Amino acid sequence: MLNLTSIFIISGRLETIKYFIFIISLIFLLGCPKKEKIPVLKGSETPTYGGSFVLDSISDPKSFNPVIAKETSTTMITDFLFEGLTQINPFTTDMEPRLARSWEYSPDGKIWTFHLRENVKWFDGRQFTADDVVFTYNDLYYNPDIPTSARDILTIDGKRIKVEKVDTYTVRFIMPKPFAPLLFALGMEIMPKHILEPMVKAKTFNSAWGVNTPPDKITGTGPFMISEYIPSQRVVLKRNPNYWRTDKTGNGLPYLDSIVILIVPDQNSSLLKFQAGETDMISIRGEDYAVIKPTEAKGNFTIYNTGPTFSTTFLFFNQNPKAIPQYKLRWFTNKKFRQAIAHSVDKETIINNVMAGLAFPQDSALTPASKFFYNPDIRKYEYNLDKAKSLLQEAGFKNKGGRLYDSEGHHVEFTLFTNSENNQRVNIGNIIKSDLDKLGIKVNFVPIQFNTMVTKLDATFDWEAIIIGLTGGVEPHNGRNVWHSSGQLHMWNPRQAKPVTTWEAEIDRLFEDGATELDKEKRKKIYHRWQEIAAEELPVIYTVTPAALYAVRNKFGGIKPTSLAGVIPYIEEVYLKK
Amino acid sequence: MIRYILHRFINMIPLLFGITFLSFGIMKLAPGDFLSQMALNPLISSETIELMRKQFGLDQPWPIQYLKWLWGIIHFDFGYSFTYRVPVATLITERVLNTLLLTSTAAILAWLLALPLGVYTALWRKSLFDQILSFFSFATISVPTFFLALLGVFFAAKTGWFPTGGAISINYAALSPFDKLCDRFHHLILPAMVLGIGGLGSLLRIVRTNFLEMMRQPFIMTAKAKGLHSNTVTWRHIFPNAINPLITLLGFEIAGLLSGAAFTEIIFAWPGLGRLILEAVMSQDLYLVMGSLFMGAILLILGNLLADILLATIDPRIKLR
Amino acid sequence: MRIELNRKESLLRQAISGLRHHRWGWIALWFILFLLLATIFAGFLSPYDPYEQNRTKSYHPPVRIHLIDEDGLHWPFIYNYYLVDPIFKRYEPDRTKKYNIGLFVKDSTYHLFGLIPCNIHLFGVDSPARVFLLGSDLHGRDILSRLLYGGRVSLSISLVGVFLSFILGLIMGGIAGYFGGWVDNFLMRFGEIIMSIPGIYLLLGLRAIFPTSLSSVEIYLLIVVVLSFIGWAGLARVIRGMVLSIKEREFVQAARAIGSGHMRIIIRHVLPNTLSYTIIALTLSVPGFIISESALSFLSLGIQEPYPSWGNMLTAAQSVRVLTTAPWILIPGLFISITIICFNFLGDGLRDALDPRFKE
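Protein chains in written order, with our numbering: chain A, 1165 to 1742; chain B, 6 to 326; chain C, 2 to 361.
Think of the hints as simulated: they come from the structure by calculation, not from any bench. Predicted, not measured: the structure shown is a model, and the values here were computed from it. Beta carbons are placed, not taken as given, at the ideal position from N, Cα and C, and that holds for glycine. Incorrect hints may appear among the rest.
Only part of the chain B face toward chain A is listed, based on derived beta-carbon distances under 8 Å [to be verified]:
(1) G37
(2) I173
(3) P276
Using the sequences provided together with the hints, build the complete structure.
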């Protein structure tokens, strides 16, 4: 009871203050009757300083060290603190300068020179220089004692890029051969040499900047810095007063005083917290749209639909000769069989029922969100069980008494796995199973633990069909590990010494060419061709990609919907409307 | 008695050894390890994963991993959490207090209500109050805790009377000491009630049943026949006998103090141990799980020991050897 | 003062006659019997196949049954509903055609007692209308049908689990308490080790070793068997605590003096005296198994889709979306709770009936 009253008192005080402000402004307005009302309205659109923006995260940050920890829950925080040389422009998907001011490259495309900004300071006031860049690449990302996935992106044909300092504000990257994804790769965080070098020397870097580090020790160049972290409850970030970016009129950014990230247990509680007014922005799942849309006006927020995401969900069959019976291998390696399955995926039902109407069908290996590299003119597989039946017939399968048999008389039957933690995948599997039943194919649909599934996929190979998802990005080269026949994520038949099929050989060539081609339009053609082959051969059968939905309170300005970075392309430009 | 306790403490060592060894082995039954999750990231090569596996010591056979862990425990080193890259001891101590606050509040709530109500309903069997309470306790037993917790959060969100989760408000640091206390209490009420109600139902039934049973015992009849005052009979003769099975339950209650609130903690975003452990179990964060398991096992053993000692002091017929 | 429970016949008669005097227990008994029958005849009682998806009828609310049309009283009929808004899942009735609810209609084939193929259902309507008495779920599957089939799975598995763990718990607890000394010490310490094993990890491990060619229901049954083999420890401790005091009583001393064998004394004289506690604990643990199955579903470790079980149906109701826009998904939850309450009332009534000390 006591606490309730005290809270009433607190809110009561606030109400009184607001009331006084209202009276005072009323007096002020009445006192100046000649003034037009417009300036007041306009004033609300001019960015002002101050205020706090409350977000949520489903999971605790695992570390504040972006070199080692790459989980979303960690990068969601570290993205505010650290910056790379380049960044993706969320509107155009081109690469744009960040800590680097500009760059140029030699005619053979092997030597790239980057000019750094001279007005960037670390949180502790030290100047950011070329030494930091050279240290970050040579002593962190390329350090064999530090386990970081960044190294894999920065390795070209097993060789590393040479990183050299030219002068205080110039660095040079020398590559064994032209490397088109370089600008993308250089988006990786630059770290402060003066703080981390002793730790690297003492070999303590791998546990440096863990979640128990005092917040003021974590030093970056980003628009915000950590002010407090309470485990399982929240992370509070405060404005970096020395941030290098300014707005059009030369005022320092960011506008906001602080960002609060509440740690919530799940999507349900995220939704409830937003509805209770405790958070200012959430990303919404399709199924929650129907819950939150009716409260849009009352809750004083706007829902933005920024279109398809990079997230994919797909079905694929085991084509690895080592682990499954020969006759099943013959079905799964048969292109017509896979095409028939693709025709039995009822994408419309998946979108309407599983994704609550807020998703897009996906046919290509890239989702439409990729924009520049996305190829819309490829073979598409509409839901058509008759077509599926005739394709199966062409492939030599026969339907007897409602059951499908192959030419040797084996009943067509396979086990379909997905990870049981993901409801959407389980539901999609349910729909696909029910359609394949109609074709006479018996599907044993078994949702299993994620780690069990990964072990099968990665080590034991004893699986027949799997539904999983991967999240892609703008840079198609990032899919190399999936699409190149030597990749360990070439899941239908991984780590091939030599491509088994001609189409896999062609995809291998395309990925090799794509990595070295610096001309944008030519690269686009290469990756378009890859998408055509993928859609014809169907090693993976895509289903749908969800729409990205965000709800943001109307009191904030600087909200710009983009397909790439949600509704906040640049956090430093967000401000509180007065 | 002292010899008995000493004996039990010495017994504890092989027991802990057995528990940890078995658990370690069972954990290794589950396929994959902490790094399996990374295998599905196209941007991480298998070489990097192997390097990390080596650094975490996960490339060695599990008995060796176990011995290394045991060696650490002897030196009060619980190892590092793979996920957080922070010593396990630091992580656990951060949250133990929060969990204890929640679970002990709930347990005290449940026991304080269950004992008098159980006795009352046993004395006034088949009264209206007894029937209402019976229905109430059956109803609470019949709803899974996680579902009750979910309804609680939903209730908080709809009415706005309680926060929808967490242990303190955003502006906690700016509050006065008194408001801080109020704020904590405000966050504690709902999860503690959900947890307490869940335990109250079954406890109430057991208290009532045991009491009823004792009331029918011949020695009670004799005592009544001798003309002893009914209050004396109730509190001197029935009560000490009726709580015999309850003492054993109390032992369980102590053992469950650390782990019993996992679902409630998860749903109410309570920053406790349960949520940490569950996440650790799901992601196979080996040493974090082992560390919390070790603490849980110690608490379980102590709880049982305490129950046995209490049993012996209350029930004179039981001899401890 | 010993409890005489010599013949099974008299035990049953005693139970039934005793239960008659316990109003709630009697009602609960009938409800549970009705439920068991309903799940046995699930195929006949449910209008549809529990796996049948109606893709344009996702999250369909329970249908309204009309008794009156423009001409007055009419045989019960329903309208067919069609989806007007896939995002908000709004349905409008098509009032041009009435669908009479038919009795003993032909629909999907099922196997009576798992053997006899049959396609007669108690009630139903003509296609394309669907008589969703309790609404439909995400895939447009009939909730009533899934509830009946799910009950079959959940109840039978719970009964197996309870039976196994109680037999073990009684025997282990009885032996430990009766013999005392090192036997007691060994069994109790062993129980402590078993109790300390992390259940979730054991489940993760077990799920992975069982072959994936088994369905999740079969795997779950195996898991329940294994869990009951380790789940006796809790009960055994309580039983042991009671046996410790029972064995010092006169009638046990007397039996010993006559020269009865130890096991005979434990089973015939000691354990029956723990009966009232055991019966309560037993009736409390049938629902316990149902509830823990739903808790495991919450962690996606229970019985998996597409198989229906009470646990996974209840888990489906745990989202805010369902609570606000499709509340009928909660009906199975309500039903499960009533069942659990009934088990509790039954246990209560049985205790009153069986234990002579409770007779007025």
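So, going through the hints one by one against the coordinates:
1. The restraint placing G37(B) at the interface with chain A holds, with a minimum CB-CB distance near 4 Å, inside the 8 Å limit.
2. With a least beta-carbon distance of about 7 Å to chain A, the hint placing I173(B) at the interface is held under the 8 Å criterion.
3. With a cut of 8 Å, the hint placing P276(B) at the interface with chain A holds, because the nearest CB-to-CB distance is about 3 Å.
Comparing the model with each earlier hint shows no violations; every hint is respected.
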